[in-house]
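Read off the chains here:
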Amino acid sequence: MASVVAAFAAAWIVHILYLFTLGARQRRLQQALDSLDARER
Amino acid sequence: MKPGVHTASALAGRAPAPAAAPARPRPSAWRVLWATARRDLRLELRERDAANAMLFYGLLVIVIFSFAFTAEAQLTLRVGGGLLWVAFLFAGLLALDRAFLREAANDCLAGLIASPAPRAALLAGKFAATAAMMLMVEAVLLPLFAVIFNAPPAARWGGIVLTVLLGTWALAANGTYFSALGTHARQRTLLLPLLLLPVAVPAIIAMVQATQVFLAGSGGAEFWLKLLLGYDVIFTALGVVLADAVLEAE
Amino acid sequence: MTTPTPTRSAPLRRRAAAGGAWLYWWGGVTLALLLYGLVQALLLAPTEATMGIYYRIFYFHVPAGITGFAAFGVNAAASLWYLLRPRKAADALALAAAETGVVFLAVNLITGPIWAKPIWGVWWVWDPRLTLTLVIWIMYVSYLVLRQFTPRSELQPRLAAAYAMFLFIAVPIDYMAIRWWRTQHPQPVIFGGPNSGLDPHMAYALVVCLLAFLALMATLMRFRHRQEMLSHEILRRQRAAALKES
Numbered sequence: 001m002a003s004v005v006a007a008f009a010a011a012w013i014v015h016i017l018y019l020f021t022l023g024a025r026q027r028r029l030q031q032a033l034d035s036l037d038a039r040e041r
Numbered sequence: 001m002k003p004g005v006h007t008a009s010a011l012a013g014r015a016p017a018p019a020a021a022p023a024r025p026r027p028s029a030w031r032v033l034w035a036t037a038r039r040d041l042r043l044e045l046r047e048r049d050a051a052n053a054m055l056f057y058g059l060l061v062i063v064i065f066s067f068a069f070t071a072e073a074q075l076t077l078r079v080g081g082g083l084l085w086v087a088f089l090f091a092g093l094l095a096l097d098r099a100f101l102r103e104a105a106n107d108c109l110a111g112l113i114a115s116p117a118p119r120a121a122l123l124a125g126k127f128a129a130t131a132a133m134m135l136m137v138e139a140v141l142l143p144l145f146a147v148i149f150n151a152p153p154a155a156r157w158g159g160i161v162l163t164v165l166l167g168t169w170a171l172a173a174n175g176t177y178f179s180a181l182g183t184h185a186r187q188r189t190l191l192l193p194l195l196l197l198p199v200a201v202p203a204i205i206a207m208v209q210a211t212q213v214f215l216a217g218s219g220g221a222e223f224w225l226k227l228l229l230g231y232d233v234i235f236t237a238l239g240v241v242l243a244d245a246v247l248e249a250e
Numbered sequence: 001m002t003t004p005t006p007t008r009s010a011p012l013r014r015r016a017a018a019g020g021a022w023l024y025w026w027g028g029v030t031l032a033l034l035l036y037g038l039v040q041a042l043l044l045a046p047t048e049a050t051m052g053i054y055y056r057i058f059y060f061h062v063p064a065g066i067t068g069f070a071a072f073g074v075n076a077a078a079s080l081w082y083l084l085r086p087r088k089a090a091d092a093l094a095l096a097a098a099e100t101g102v103v104f105l106a107v108n109l110i111t112g113p114i115w116a117k118p119i120w121g122v123w124w125v126w127d128p129r130l131t132l133t134l135v136i137w138i139m140y141v142s143y144l145v146l147r148q149f150t151p152r153s154e155l156q157p158r159l160a161a162a163y164a165m166f167l168f169i170a171v172p173i174d175y176m177a178i179r180w181w182r183t184q185h186p187q188p189v190i191f192g193g194p195n196s197g198l199d200p201h202m203a204y205a206l207v208v209c210l211l212a213f214l215a216l217m218a219t220l221m222r223f224r225h226r227q228e229m230l231s232h233e234i235l236r237r238q239r240a241a242a243l244k245e246s
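Protein chains in written order, with our numbering: chain L, 1 to 41; chain X, 1 to 250; chain Y, 1 to 246.
Simulated from the structure, these hints should not be mistaken for lab results.
There could be a bad hint or two in this list.
Stated by the list, open to error - Okay, the calculated beta carbon distance ranges per label pair:
{"#": "1", "chain 1": "L", "residue 1": "Asp34", "chain 2": "Y", "residue 2": "Trp120", "range": "52 to 58 Å"}
{"#": "2", "chain 1": "X", "residue 1": "Ala68", "chain 2": "L", "residue 2": "Ser35", "range": "52 to 58 Å"}
{"#": "3", "chain 1": "Y", "residue 1": "Val39", "chain 2": "L", "residue 2": "Arg41", "range": "49 to 55 Å"}
The C-beta atom is built at its ideal place from N, Cα and C for all residues, glycine as well.
Whenever a hint applies, use it, and build me the whole structure from the sequences.
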């Protein structure tokens, strides 16, 4: 049982870590967009 | 020695015969290949830094292996092929890294690319020079290896030499291409092994296994030699087809 | 410029940048499929006779592997597309596909040993399929490293696309070399494989999980693709703004 749980947890952790990197990049892009908006205004 | 034969302009076929320049705007691929290979080899042999470093490095790898695993004939029978190729690979990476490093100075690469020489021929010339360098170093390292690791008496040296030729072709063909690919990267020296080794995995398996078979004097090398030859032909063709992708002005 | 417009348009822009309605629809469908697959795999599918509960790891392991290889196929197609017709969209797709492929194959490679330990008694064996998967994973990590190390320019996508072609061509040769290499040596414990006489309910659960993973791959890939296109757009606007100020 423990190894089944470990495998499922590992699979989810890898995906969630990737989602975090995507989220971080999205925040960076958003900041760049916002600062561009401010600059163009 | 013809004047200016090792300059970039010689590659375009202009310097040796200035009068012929307007008549021949695009030099033949073989001439470019030959000129590039000759220039690179001449420069390498004049300095001899790289050759010495490669030799010494390969020797060090072999010696350190003999400390790490006690060098008995029994061991050579089992893993000799692997040890030999790790030494060749490390020494070869030094030469491959230099293939395009020289052109980075003074924007030499931009000059080469701007010349009307076919890019595939430039790449092939670099390949020929690098492969020749690697083979020269390997020709010295192989007998040293045979002595230090007590090569088995059943070893078939003709087969091993053939494997070394085909294996060096594989490493040099891909290595030259990736060396060109890495010229634009930061940390290019770090990048080359990272690019080369994963793609070279099937070739490394084949060369190690074939060498092992010939060292032990057993049978079954044909498949590995055929695989290695197939790998060489396929990746050389791919490098020629995709030469424009790495050697083009920004 | 009036003051109320930026405050009102900011959330709208945020949504548009993140993927808009598409992300919510696909994300929702993916999440539902994943949860349904999870219930099927962990609770509803019957327990396998010889391997017991451990076989349930397959419901994650196998779809992750198939999805990872599908993503690498997309990478090869997009790279070829870029070499034939250099478009930013093709390059962004190649990058997105390589990244998602590495993630899914990482899941495959991590769950494999967790299953192998109780069944085979060892974490890892140099069986042809395992070796090939590991080598291909390493190859595409190299691809991402190349992209990381090459400065962003017109040249970078072309170099990456050329390298992707080398990787794709190497896969079948790898397959031949590794299979021949391993069959010369004694094989490790051989099991029947999940496809031999698969129970219909098990097959159904496996298909559900596979669809869920493919949907997740599409979502992640699309999201990453949009990010890449957005960053191109930001770069273009930054250059234009800098030009206007100078």
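Cross-check of the supplied hints:
1. Asp34(L) <-> Trp120(Y): 52 to 58 Å: Holds, since Asp34(L) and Trp120(Y) (Cβ atoms, about 53 Å apart) stay within the stated range.
2. Ala68(X) <-> Ser35(L): 52 to 58 Å: With a Cβ separation near 56 Å, Ala68(X) and Ser35(L) satisfy 52 to 58 Å, so the hint holds.
3. Val39(Y) <-> Arg41(L): 49 to 55 Å: 50 Å Cβ-Cβ, so the 49 to 55 Å window holds.
Of the numbered hints stated above, none is contradicted by the structure.
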